[in-house]
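> Residue numbers (our numbering), protein chains in the order written: chain A, 3 to 241; chain B, 30 to 293.
No wet-lab data here; the hints were simulated from the structure.
Remember, it's a predicted structure, so these values are computed and weren't measured experimentally.
Some hints could be false.
Claimed, not checked - Under the rule of at most 27 Å between Cα atoms (straight-line distance), these lysine-lysine pairs were calculated in the DSS-like manner:
(1) A:K64 - B:K157
(2) B:K98 - B:K136
(3) A:K64 - B:K137
(4) A:K228 - B:K160
(5) B:K182 - A:K155
(6) B:K121 - B:K98
(7) A:K155 - B:K47
(8) A:K155 - B:K136
(9) A:K197 - A:K178
(10) A:K38 - A:K178
(11) B:K291 - A:K155
(12) B:K163 - B:K137
(13) B:K137 - B:K157
(14) B:K237 - B:K157
(15) B:K237 - A:K64
(16) B:K107 - A:K64
(17) B:K237 - A:K155
(18) B:K146 - A:K236
(19) B:K121 - A:K155
(20) A:K236 - B:K157
(21) B:K107 - A:K236
(22) B:K121 - B:K172
(23) A:K62 - B:K47
(24) B:K98 - A:K62
(25) B:K98 - B:K172
(26) B:K121 - B:K163
(27) B:K47 - B:K237
(28) A:K155 - B:K286
(29) B:K146 - B:K172
(30) B:K146 - B:K136
(31) A:K155 - B:K163
(32) A:K236 - B:K98
(33) B:K136 - A:K228
(34) B:K182 - A:K236
(35) B:K237 - A:K62
(36) B:K121 - B:K157
(37) B:K182 - B:K146
(38) B:K146 - B:K121
(39) B:K237 - B:K107
This is what each chain is made of:
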Amino acid sequence: MDNFGQRVERFIALFQGASADAYISEILIGLQNTVKIAVLGLIIGIIIGTLIAAVRVMPKYKRLPRVLNAICGVYVGFFRGTPMVVQLLLFYYVALPLMEINASSVAVATAVFGMNSGAYISEIMRGGIMSVDPGQMEGGRSVGLSFSTTMIKIVIPQAVKNIIPTLGNEFITLVKETSVVSFVGATDLYVAFRKIGTSTYEFMVPYLVMALIYIVLVLLITALIKLVERRLRKSDRGR
Amino acid sequence: MIEVVNLNKSFGDLHVLKDINITIHQGEKVVVIGPSGSGKSTFLRCLNCMEDPTSGSIIFHGVNIADMKVDINVYRQKMGMVFQHFNLFNNKTVLENITLAPVYIEKKQMRSLRRRKLRGKAEETEIKSAKQIKEEANARAMKLLERVGLSDKAEAYPAQLSGGQKQRVAIVRSLAMQPEVMLFDEPTSALDPEMVGEVLEVMKDLAKSGMTMVVVTHEMGFAREVADRVLFMDDGRILEEGTPDQIFNHPQNDRLKDFLSKVL
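Bound-form chain A, shown alone (with noise of 0.2 Å):
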């Protein structure tokens, strides 16, 4: 334990010493670079789910809603079906060279996280779409609006009430998940840590330190869902 104590210091001395301000800014740019991939990844992701989700409760008698039903199950498929880090390299190393596009690995990142929580998002927003009561599609057809009218005023914001707990959960897996951008060399929480071990040659204290950084992250984020929560039940009883 001793010895412990000791790392713990020369970790302390390391943001006294004379490239502390570097040690910090690489905390810092991983640290934002985590924060943004998810969020981001996030916001994309709520979005395309929401969008094949409506596609797949749409009703499929016309020829158009069962064509982008055979395409949202393919997409969901392909994302479902691979591990994050084989879609972040096939993007980075195969699609975007392919494409001739030049892209940040940080906006490549994101956009993987993005449409890969896309797929898992599609079945969590088609689960709260489906604990919707019918009869709140009915009331809105029943006065004349359209079905996608009904589902963006009606339908959706009470399907999203229903998942946030569950939309929570992947918020925090996609914070996690982000350590592994590292894979096409972008600097994240995990990057700043492994390179102030590596320049250290100490690595104990500054991954603990890091885990300790995602448990604070994953605790904002769990009080912040608690809020949104709440705020969303305003429309219930009790309020």
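Guided by the hints, dock chain B onto chain A, whose structure is given.
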């Protein structure tokens, strides 16, 4: 006003409606009675294509609205519907429930009107602002709420209302579209007995104002008092129709006699 021609409806192998033919006239109050499972709710739901008919046509405004190519939403705006379970929008206040559709639809009309005017195709007509549309709809909604005695509930959410209040709001929501006909699908069946009266009162009031109404109900007293014509349905067919006096006091069909002996 509504003409039903050879209407058939099947759910899979279950043939629920069998060759229904009937015409509902302007201002008429038609009450549909029958045992449960007789197809009366399905019949009503076919009238505004809430259930798509398997075959046959529903002629409304000279158009067969059962045709999938028709934009059904336009016609549904003219046919109000009240459900057994109210189906109020749970995420909206009472006032929003009532004004949501009229405001949305009128705004849409104004947008297309403005576009036409820009292209010089529309003659000088008044174009209302979004705010104006909303204010007018709110004023209309408040007037309607007053009529059913619920103006103090405008800002409440559906979850805070009793069953009877919800159903009265649901009726107002339909009326706010200024429909030409109102369809009622067992509007009092999900209510506590003490709340049935307040809803029936509103419906009677509406009947007096000359609204065309088609009502599926188990309230025989209401049928007797309000109906111009009563339809008795069983096994997917209209077995007997006539004035309340004919149906309730001089029933011909054996099954109708049997049914009445059980419910009266």
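> State for each hint whether it applies.
Outcome of the hint check:
1. At roughly 36 Å between alpha-carbon atoms, A:K64 and B:K157 are farther apart than 27 Å, so this suggested pair is violated.
2. Taking the CA atoms of B:K98 and B:K136, the gap is about 24 Å. The hint holds against a cut of 27 Å.
3. Distance restraint check for A:K64 and B:K137: the Cα-Cα separation of roughly 25 Å lies within the 27 Å cut-off, and the hinted pair is therefore satisfied.
4. Distance restraint check for A:K228 and B:K160: the Cα-Cα separation of roughly 35 Å exceeds the 27 Å cut-off, and the hinted pair is therefore not satisfied.
5. Proximity of B:K182 to A:K155 is assessed by CA-CA distance (about 22 Å); at most 27 Å being required, the pair is judged to hold.
6. For the proposed pair B:K121 and B:K98, the alpha carbon gap of about 32 Å is over 27 Å, so the pair is violated.
7. A threshold of 27 Å between alpha carbons decides the hint, and for A:K155 with B:K47 the separation of about 37 Å lies outside it, so the pair is violated.
8. Of the supplied pair hints, the one linking A:K155 and B:K136 holds, its CA atoms being roughly 15 Å apart against a limit of 27 Å.
9. At most 27 Å may separate the alpha-carbon atoms for a hinted pair to count; A:K197 and A:K178 meet this at roughly 19 Å.
10. Distance check on the hinted pair: A:K38 and A:K178 sit about 12 Å apart at the alpha-carbon level, within 27 Å; holds.
11. Between B:K291 and A:K155 the CA atoms are separated by roughly 44 Å; this puts the pair beyond 27 Å, and the hint is violated.
12. Straight-line distance between C-alpha atoms of B:K163 and B:K137 comes to about 13 Å, which keeps the hinted pair within the 27 Å bound.
13. Restraint check for B:K137 and B:K157: the C-alpha separation of about 11 Å stays at or below 27 Å, so the hint holds.
14. The hinted pair formed by B:K237 and B:K157 fails the criterion: a straight-line CA distance of about 33 Å is larger than 27 Å.
15. The straight-line distance between the Cα atoms of B:K237 and A:K64 is roughly 42 Å, outside the 27 Å bound, and the hint therefore fails.
16. At roughly 25 Å between alpha-carbon atoms, B:K107 and A:K64 fall within 27 Å of each other, so this suggested pair holds.
17. For a cut-off of 27 Å, the pair hint linking B:K237 to A:K155 is broken: about 34 Å separates their Cα positions.
18. For the hint linking B:K146 to A:K236, the alpha-carbon distance of about 42 Å lies beyond 27 Å, and the restraint is violated.
19. With a CA separation close to 9 Å, the supplied pair B:K121 and A:K155 stays within the 27 Å bound.
20. Of the supplied pair hints, the one linking A:K236 and B:K157 is violated, its CA atoms being roughly 32 Å apart against a limit of 27 Å.
21. Pair hint B:K107 plus A:K236 does not hold up; C-alpha atoms about 32 Å apart against a cutoff of 27 Å.
22. Between the alpha carbons of B:K121 and B:K172 the distance comes to roughly 19 Å, so the proposed pair stays at or under 27 Å and holds.
23. Between A:K62 and B:K47, the direct Cα distance comes to roughly 25 Å. Compliance with the 27 Å bound is thereby established for this hinted pair.
24. Between B:K98 and A:K62 the alpha-carbon distance is near 15 Å, which keeps this suggested pair within the 27 Å criterion.
25. Taken as a hint, the B:K98 and B:K172 pair is broken in the structure, with Cα atoms around 37 Å apart against an allowance of 27 Å.
26. With a C-alpha separation of about 15 Å, the suggested pair B:K121 and B:K163 falls inside the 27 Å cut-off, and the hint holds.
27. Taking the CA atoms of B:K47 and B:K237, the gap is about 33 Å. The hint is violated against a cut of 27 Å.
28. Straight-line distance between C-alpha atoms of A:K155 and B:K286 comes to about 47 Å, which puts the hinted pair past the 27 Å bound.
29. A distance of roughly 32 Å separates the Cα atoms of B:K146 and B:K172; the hinted pair therefore is violated under the 27 Å criterion.
30. Straight-line distance between C-alpha atoms of B:K146 and B:K136 comes to about 15 Å, which keeps the hinted pair within the 27 Å bound.
31. Simply put, A:K155 and B:K163 have alpha-carbon atoms about 16 Å apart, close enough for the 27 Å limit, and the pair holds.
32. Distance hint between A:K236 and B:K98 is unfulfilled; the C-alpha atoms sit about 40 Å from each other, more than 27 Å.
33. For the hint linking B:K136 to A:K228, the alpha-carbon distance of about 36 Å lies beyond 27 Å, and the restraint is violated.
34. A threshold of 27 Å between alpha carbons decides the hint, and for B:K182 with A:K236 the separation of about 16 Å falls inside it, so the pair holds.
35. Restraint check for B:K237 and A:K62: the C-alpha separation of about 42 Å exceeds 27 Å, so the hint is violated.
36. For the suggested pair B:K121 and B:K157, the alpha carbons sit about 24 Å apart, so the restraint of at most 27 Å is met.
37. The suggested pairing of B:K182 with B:K146 is violated, with an alpha-carbon distance near 40 Å, which exceeds 27 Å.
38. Of the pairs offered as hints, the one joining B:K146 and B:K121 is violated, with about 34 Å between alpha carbons and a cut-off of 27 Å exceeded.
39. As the CA atoms of B:K237 and B:K107 are separated by approximately 19 Å, the hinted pair is consistent with the 27 Å bound.
Going down the numbered hints, you'll see the structure goes against 1, 4, 6, 7, 11, 14, 15, 17, 18, 20, 21, 25, 27, 28, 29, 32, 33, 35, 37, 38, while the others check out.
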